[in-house]
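Q: Starting from the structure of chain Y, add chain A where the hints point.
Protein chains in written order, with the numbering used here: chain Y, 1 to 451; chain A, 452 to 902.
FYI, nobody ran anything at the bench for these hints, they're computed from the structure. Be careful, since some hints might not be right.
Unchecked claim - Partial list, derived from the structure: chain Y residues whose beta carbon lies under 7 Å from chain A: (1) L3; (2) T173; (3) R178; (4) T408; (5) I435.
Said to hold, decoys possible - Quick look at which bits of chain A chain Y covers, simulated, 3 or more residues with Cβ under 8 Å: (6) 589-596; (7) 781-792.
The model shown is predicted, which means the values in this text are computed figures rather than measured ones. Yeah, the Cβ is synthetic: ideal placement off N, Cα and C, and Gly gets one too.
2 protein chains.
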Amino acid sequence: MDLSELKEIFDERLSTVDSIREQHSSDESWHIPENLPDAVIFPNNSEEVSLIIKFANDRGIPIIPFGAGTSLEGHVHAVNGGITINTMNMNKILNINKDDMNCVVQPGVTRNDLNEFLKDTGLFFPVDPGANATLGGMCATRASGTNTVRYGTIREQVMGLEVVMPNGKIIKTGTKARKSAAGYDLTHLMLGSEGTLGVITEITMKLHGRPEAISAAICPFSEIEEAVNSVIEAIQVGLPLSRIELLDEIQIMAINRHEKMELEEKPTLFVEIQGSALGVREQIEIFGEIAETNNVLKFDWSDQPETINKLWSARHRAYYAALALDPGKKGFTTDVCVPISRLTECILETKKDLEESEILAPLVGHVGDGNFHLIMLLDPDNNEEVVKAKKFNEKLIDRALEMGGTSTGEHGIGLGKKDCLIKEQGLSIEFMKKIKMAFDPKNIMNPGKIF
Amino acid sequence: MDLSELKEIFDERLSTVDSIREQHSSDESWHIPENLPDAVIFPNNSEEVSLIIKFANDRGIPIIPFGAGTSLEGHVHAVNGGITINTMNMNKILNINKDDMNCVVQPGVTRNDLNEFLKDTGLFFPVDPGANATLGGMCATRASGTNTVRYGTIREQVMGLEVVMPNGKIIKTGTKARKSAAGYDLTHLMLGSEGTLGVITEITMKLHGRPEAISAAICPFSEIEEAVNSVIEAIQVGLPLSRIELLDEIQIMAINRHEKMELEEKPTLFVEIQGSALGVREQIEIFGEIAETNNVLKFDWSDQPETINKLWSARHRAYYAALALDPGKKGFTTDVCVPISRLTECILETKKDLEESEILAPLVGHVGDGNFHLIMLLDPDNNEEVVKAKKFNEKLIDRALEMGGTSTGEHGIGLGKKDCLIKEQGLSIEFMKKIKMAFDPKNIMNPGKIF
Numbered sequence: 001m002d003l004s005e006l007k008e009i010f011d012e013r014l015s016t017v018d019s020i021r022e023q024h025s026s027d028e029s030w031h032i033p034e035n036l037p038d039a040v041i042f043p044n045n046s047e048e049v050s051l052i053i054k055f056a057n058d059r060g061i062p063i064i065p066f067g068a069g070t071s072l073e074g075h076v077h078a079v080n081g082g083i084t085i086n087t088m089n090m091n092k093i094l095n096i097n098k099d100d101m102n103c104v105v106q107p108g109v110t111r112n113d114l115n116e117f118l119k120d121t122g123l124f125f126p127v128d129p130g131a132n133a134t135l136g137g138m139c140a141t142r143a144s145g146t147n148t149v150r151y152g153t154i155r156e157q158v159m160g161l162e163v164v165m166p167n168g169k170i171i172k173t174g175t176k177a178r179k180s181a182a183g184y185d186l187t188h189l190m191l192g193s194e195g196t197l198g199v200i201t202e203i204t205m206k207l208h209g210r211p212e213a214i215s216a217a218i219c220p221f222s223e224i225e226e227a228v229n230s231v232i233e234a235i236q237v238g239l240p241l242s243r244i245e246l247l248d249e250i251q252i253m254a255i256n257r258h259e260k261m262e263l264e265e266k267p268t269l270f271v272e273i274q275g276s277a278l279g280v281r282e283q284i285e286i287f288g289e290i291a292e293t294n295n296v297l298k299f300d301w302s303d304q305p306e307t308i309n310k311l312w313s314a315r316h317r318a319y320y321a322a323l324a325l326d327p328g329k330k331g332f333t334t335d336v337c338v339p340i341s342r343l344t345e346c347i348l349e350t351k352k353d354l355e356e357s358e359i360l361a362p363l364v365g366h367v368g369d370g371n372f373h374l375i376m377l378l379d380p381d382n383n384e385e386v387v388k389a390k391k392f393n394e395k396l397i398d399r400a401l402e403m404g405g406t407s408t409g410e411h412g413i414g415l416g417k418k419d420c421l422i423k424e425q426g427l428s429i430e431f432m433k434k435i436k437m438a439f440d441p442k443n444i445m446n447p448g449k450i451f
Numbered sequence: 452m453d454l455s456e457l458k459e460i461f462d463e464r465l466s467t468v469d470s471i472r473e474q475h476s477s478d479e480s481w482h483i484p485e486n487l488p489d490a491v492i493f494p495n496n497s498e499e500v501s502l503i504i505k506f507a508n509d510r511g512i513p514i515i516p517f518g519a520g521t522s523l524e525g526h527v528h529a530v531n532g533g534i535t536i537n538t539m540n541m542n543k544i545l546n547i548n549k550d551d552m553n554c555v556v557q558p559g560v561t562r563n564d565l566n567e568f569l570k571d572t573g574l575f576f577p578v579d580p581g582a583n584a585t586l587g588g589m590c591a592t593r594a595s596g597t598n599t600v601r602y603g604t605i606r607e608q609v610m611g612l613e614v615v616m617p618n619g620k621i622i623k624t625g626t627k628a629r630k631s632a633a634g635y636d637l638t639h640l641m642l643g644s645e646g647t648l649g650v651i652t653e654i655t656m657k658l659h660g661r662p663e664a665i666s667a668a669i670c671p672f673s674e675i676e677e678a679v680n681s682v683i684e685a686i687q688v689g690l691p692l693s694r695i696e697l698l699d700e701i702q703i704m705a706i707n708r709h710e711k712m713e714l715e716e717k718p719t720l721f722v723e724i725q726g727s728a729l730g731v732r733e734q735i736e737i738f739g740e741i742a743e744t745n746n747v748l749k750f751d752w753s754d755q756p757e758t759i760n761k762l763w764s765a766r767h768r769a770y771y772a773a774l775a776l777d778p779g780k781k782g783f784t785t786d787v788c789v790p791i792s793r794l795t796e797c798i799l800e801t802k803k804d805l806e807e808s809e810i811l812a813p814l815v816g817h818v819g820d821g822n823f824h825l826i827m828l829l830d831p832d833n834n835e836e837v838v839k840a841k842k843f844n845e846k847l848i849d850r851a852l853e854m855g856g857t858s859t860g861e862h863g864i865g866l867g868k869k870d871c872l873i874k875e876q877g878l879s880i881e882f883m884k885k886i887k888m889a890f891d892p893k894n895i896m897n898p899g900k901i902f
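Here chain Y stands alone, though its shape is the one from the complex (with noise of 0.2 Å):
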């Protein structure tokens, strides 16, 4: 591949080096990468994407968008090799409204990078995969995380986006209104569509105001059931809940290993109440009494921000505690998410499979969506496993389908579940893959991704 033109431009923010080559072939998740890019390339601005875009367009190679490389589906995969961009360079927070509750950021820009940022305006970002992900990688694969339930995921945040699209025209989408009907929603059509359609550039999005009161609470359970139902309940008379989370009994004794923290090896929720310093107490306290007509072992709730931060810091890192239960071991992750009214169900049906497999996984999830994770800890390397664990993950999302579910909540479809979104989506993917083949008939933007 003779990349000497872009060289010429980009000189040493245009590596070929075998290490930076290798750290961009693969993401957190256990799928082995089988092919490097040729090139990273690390632009500075929307105008150099689109170059190298053009670049590559006319010579049929492939582009692989690049963020923090946290994706868990094998999203930034190399796979038929090529040019990955990473976008690391493009991480200015680019306007702040605090008038309009908004902000303008390129796409490098790190979750935890806004709300530093935010720290003293009044204002937050809520959407929180574990991962401390890029804007960029958050949009590119519909991602949501602990306050969904509150304030929805990505999709409910963004308002418009700067594209460079395949053929390396730089577009605009949505407008800086809180609505639209003006045309295609391209925006969402982009969400989600993880590199295929195009590298995202710019992104405008909402801003929520920091609550003036906020509590949480740990809930330990004798059993997962009382856990899930809690939950059921609790979504189903409308208390106004911002995060609630379920960790069964692996998951909190690997926390406790990894965070050194001492909570009862239970299956636990951990709920979280914004609002009015009046409302929340009177929601806590509700919540307190679904929890106690589901038998729960304690109820444990702060309204101390030191503790509280504590526990979602922890929660963050849940992913990384699991896969030091068994250093050297890759995490697996299933992304199931299903109507609530089934979620017990799912749950345990699911966790009686696991018991009859053997498979060491934790088990952690956004409960008041329907989205839940097992965390399956694997070599790659070793078939047999890789074997046991799909089989597992496939017999969990027919499960999931069969309720109405889908077979990722919030990770994508990647490298990792195309199969699956043939079984779920049917024949829309038909009209997915005529809109793939209309923007880039070449085939360049992160090939072998989703379909």
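A: Below, chain A without anything else, positioned relative to chain Y:
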């Protein structure tokens, strides 16, 4: 056009009678139909819709989907003749799932039908354009209404769709889970596509719990600026308004006449807050204080359902009240939406233009979203009046776009705003057209709209 093959199947449900074709030739707006559909068919189910579309696609015959015919930009006009598909027989509520707070409906169900059906369930559907539109039509035009400031537009409600595509294939988009990251977001692509990409034949949507308490207030001001500033301040301090609507003195006068009410004929806010009994009282008082500092003339509030319902049903009939100011005239409705911080400036400059132009045009708006309408009364056959209204609207739209807003907050592009879309969306239209071409190469679906 030889429709005998379809006539055999649909018999009396296929009409070529002049009066029926005329009834289906236009919507509620000023746009004059230049043509009639060749036939109107009333299918009973998705398979029949598919059959019609396959027939039409084979022969290159235009298809125009028709709900209640209440759109405002000529969306249902049979520009090139063809077959109008009226969904009135597809008016079944297929499922109400109380546990998951969602429903599945056919496209011919109207928003009032659905809420009537939900009356005793504790649930309701929030999206409420003025007209009693069908839910299929509301999806197709990405509708919103007075509740959007709290509940979002129809975009935030729809979880999945069944759509008959231009090649006759019936696809399902989305899932019944609260979120999904599986593949391209065809659901949002279809919402707002105005019948140009397919016919929506089934809708899965979120429902919401009825609030414990509701209070509403009527707040007249001497100056429109004081009213708008109250809105901006209330939004910026994060008051959980469920509705906040501005009506200028002319619109209030129109409502007084049409609804036999005795409101003070001043720029007025209709405000509503929902929540717990305690919370609502606290918050309506905070709003009262904000209004006081902006010199509100009086602050009448009520928590009586009857009073509140009367207020909102008057608001919903604002368009018809405006039309009644000058019987025989039609409404040319503007629909800009701007960032909330620019709203006062946008409204003041627009009112100034209006005074200079001497156009009779009540102003009414969902100001919490930054969206407002002028209903310009005109005779569509009077070219001078039409040119004047178009010129006025063009200037207003340029102003909104310059402020980062949109030409259409909720009515859509249709026939009337095709030029605006080009100004607003620029290069991205190329990619909208690629989708249109890829899905509907013969351009049979609602031709002449959007592009």
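Q: Evaluate each hint against the coordinates.
A: Quick rundown of the hints versus the structure:
no.: 1; hint: L3; verdict: violated, 27 Å
no.: 2; hint: T173; verdict: holds, 6 Å
no.: 3; hint: R178; verdict: holds, 5 Å
no.: 4; hint: T408; verdict: holds, 5 Å
no.: 5; hint: I435; verdict: holds, 6 Å
no.: 6; hint: 589-596; verdict: holds (count 4)
no.: 7; hint: 781-792; verdict: holds (count 6)
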